[in-house]
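Asks: Going line by line, the protein sequences match chains S and E. One point on numbering: in the working numbering, the residue at position 252 of the first sequence is 252, and numbering is uninterrupted. One point on numbering: in the working numbering, the residue at position 291 of the second sequence is 291, and numbering is uninterrupted.
Quick caveat, the hints were computed from the structure, so don't treat them as lab data. On a predicted model such as this, the values are computed, not experimentally measured, just so you know. Each residue gets a CB set at the ideal place from its N, CA and C atoms; glycine is no exception. A few of these clues could be false.
Claimed, not checked - The calculated BS3-like cross-link candidates involving lysine-lysine, where the alpha carbons are at most 27 Å apart (straight line), are: (1) S:Lys-340 x S:Lys-362; (2) S:Lys-286 x S:Lys-340; (3) S:Lys-409 x S:Lys-393; (4) E:Lys-296 x E:Lys-226; (5) S:Lys-43 x E:Lys-226; (6) S:Lys-43 x E:Lys-116.
Unchecked claim - Partial pick of chain E residues on the chain S-facing surface, computed with a CB cut under 8 Å: (7) Leu-21; (8) Pro-23; (9) Asn-67; (10) Pro-84; (11) Ala-111; (12) Phe-137; (13) Ser-141; (14) Tyr-325; (15) Leu-328.
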Amino acid sequence: MLKQMEGSKAVAEAVALCRPEVICAYPISPQTHIVEALGEMVKSGELQPCEFINVESEFAAMSVAIGSSAAGARSYTATASQGLLFMVEAVYNASGLGLPIVMTVANRAIGAPINIWNDHSDSISQRDSGWMQLFAETNQEAVDLHIQAFKLAEELSMPVMVCMDGFILTHAFERVDIPTQEQVDAFLPPYEPRQVLDPTDPISIGAMVGPEAFMEVRYLAHAKQLQALELIPQYAAEFKEKFGRDSGGLVRTYRTEDAETIIVAMGSVLGTIKDVVDDMRAQGHKIGVLGIISFRPFPMQQAREALQHCKRFVVVEKNLAVGLGGVLYTTLRMAVAGLKLTGYTAIAGLGGRPIPKSSLHKLFLDAEQGALEPVTFVDLDWDVVNRQLEREKQNRHSGPIAENILHAKGMSSSAKFG
Amino acid sequence: MGYQTVKFYQTGTYTVGNRLLAPDERSVQAGERRSNSINSGHRACQGCGEALGARYAIDAAMAESNNQLIAVNATGCLEVFSTPYPESSWQVPWIHSLFGNAPAVATGVAAAMKVKGRSEVRVVAQGGDGGTTDIGFGCLSGMFERNDDVLYICYDNEAYMNTGVQRSSATPPTARTATTMPVGKEPGNVFGQGKNVPEIAMAHGIPYVATATVADLRDLEYKVRKAMKMRGARYIQIFVPCPLGWGAASHDTIKLARLAKETGMFPVFEAEHGEVTGVLKIRNKQPIEEYLKPQKRFAHLFGKHAHPEMVAHLQAIADRNIRKYGLLDEEKVNAQ
């Protein structure tokens, strides 16, 4: 059913359609509207049977989900940013124990400096946690990915993060097609756990494992993600058949057929990038887009196939691997190993910095002309940065960086980024 | 029932292991239907108080729940000695997740049972004092505040034993640990404010809070069974001496637990909805030295460079417990 609604509300409705049995909620922007909506559905009786638990921290949220999932209940939670970091130990534990929890990550920057706005630093910091990570481009895709995520998680008995850009998607009102309960039930069977705590058949979960078996256990987590590389496209195809639209999959290409330049990105910025690419195509540029939907498992082969005929690729990424560049670029370099390709990293949109079409347009033109540095910081205010670097050179007691930069911004260029 | 050797000296006693008592007078552990939830063959040290306490507690919980029990375990000695892969001592469904999240995992298990309409399945979470009073404290308080249907059992041996005897917030003042060495002007652990988790549990107003020791296993079983008759968040802290960490003889585990109670160092009581409803009285009050001297962790308080002022301070703590909880009968107080 077509509705005009907020992304968070749409995701809440999608999660409810998946018949979760235990939901753990802890407030953190920008995911809060999702669990608020689910809480109301549970309290009103609209969503039942379901236990909605207001926990005291994100660490507890994931821990409660670990307990409920191990006891055989379909379990869901949502978080972002500092919250994801606060639960990290339990995040690794959930995947280590092989528990098919689904969690929405409303992607948000990590402090300090504290910042509530969107980038991908939070979920990307968990890239090696053993969780699968699916990135939504639109709110429709966020809805659809949640439905696919439960199926994927439960088939593999491994947890899945559905990542959607904080505020840009979670708080955006747009048209979303919410499927019917019958459709979702036909796609997603009831949860049948591979391991369950049950007095009628006592098992021990979480035993101590020494050097004699630890590597094998860890390899199995890897093997599950390799299996996911097969299952994700399969489920996307089945989803299309049952729901009538393309959603999910490993990667998605756009106008890459004869492209000499391919822009790679994840999440909602793909929309802006496609607009710029359309404009540039209209001007005769051979340019296309590769969207990465599945960040974990990473679709090496599909990414390589998408890039193998281009001359250069530009990765626009909302994360910073400090001291290196970009996480997605580094991964893509593995995917295209041996191919003669020029690659560029463009770090953009950190902490919610807008990524306007004009900046992308200039970036892509520069790439075409070979005028880009290997690592570019899109719309970085060099005046302010250099002033701070100079201050540190001049003065031993140069003070707190963030406050200095805010001060400088107030004086020099507050109008530029509002 | 199979053949049982009859030991006639047990006749007429009420000891916890007496199998000659009438069935309804026997302890769970001496009963014919004890569940053996923690099988023999695990790797606890000789004289381990925690292994003993856990065995009695979990079997009692099994008896009371008609064997419909799921156990959650924090990281620590109990977890490590009971489940070295691929072996497991646990005959109950059992999960270990992390050091600091056992109360929350138990909340999740209880929620799953509730949502599936299996309210007959009960949940016990357990951890050491480090996992309970320090790193798991936030989750514990959250579980209490929500009054989740979980019995949490803390096996208190007063330090981080699994990692090699480091101080926890349950370590008593003056005690030697690897991080509170008996050196300097004030050797051993500091005289801080302490962290009385049973009282903090009571402050949450939860249905049941109790303390117990492995010296009185009848009392321990009674408290676990009583707790299992109730719903909501319940907390039992069991005093479990650690021969390794305390530098005590392994055959002194029960004796030290008894002395902790008889000196007043560890008050044994129970409380419902935040109010103390019963205490285990001191039967034969002992001076604090009797408790301290058999333990090497207190050795620096005695001998050539003795610290009588510290011993007196510890005695004052014990006396305060006695006053506060009314651990001595009136006539015994007056006789002093």
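Asks: Under 8 Å is the threshold here; is the Cβ of E:Leu-328 close enough to any Cβ of chain S for the hint to stand?
Replies: violated, 39 Å
Asks: Is the shortest C-beta separation between E:Pro-23 and chain S less than 8 Å?
Replies: Result: violated, 24 Å to nearest chain S Cβ.
Asks: Interface hint check: E:Ser-141, Cβ to nearest Cβ on chain S, cutoff 8 Å. Holds or violated?
Replies: Nearest chain S Cβ about 7 Å off; hint holds.
Asks: Taken at face value, is the distance from the CA of S:Lys-362 to the CA of S:Lys-340 at most 27 Å?
Replies: holds, 24 Å
Asks: Next item in the hint list is E:Tyr-325. Is there a CB on chain S closer than 8 Å to its CB?
Replies: violated, 30 Å
Asks: Is the straight-line distance between the alpha-carbon of S:Lys-286 and that of S:Lys-340 27 Å or less?
Replies: Status holds; Cα separation ~18 Å.
Asks: Go through the hint on E:Ala-111 and say holds or violated, using the shortest Cβ distance to chain S against 8 Å.
Replies: holds, 4 Å
Asks: Holds or violated: E:Asn-67 as interface residue toward chain S, Cβ cutoff 8 Å?
Replies: holds, 6 Å
Asks: Given the hint that E:Lys-296 pairs with E:Lys-226, test it: the Cα-Cα distance must not exceed 27 Å.
Replies: violated, 36 Å
Asks: Just to be careful, I want the Cα atoms of S:Lys-43 and E:Lys-226 compared with a cutoff of 27 Å; is the pair within it?
Replies: violated, 32 Å
Asks: Holds or violated: S:Lys-43 with E:Lys-116, Cα cutoff 27 Å?
Replies: This hinted pair holds, its Cα atoms lying about 17 Å apart.
Asks: Have a go at the E:Phe-137 hint: is there a Cβ in chain S nearer than 8 Å to its own Cβ?
Replies: At 11 Å from the nearest chain S Cβ, E:Phe-137 fails the 8 Å test, so the hint is violated.
Checked against the numbered hints above, the structure violates hints 4, 5, 7, 8, 12, 14, 15; every other hint is satisfied.
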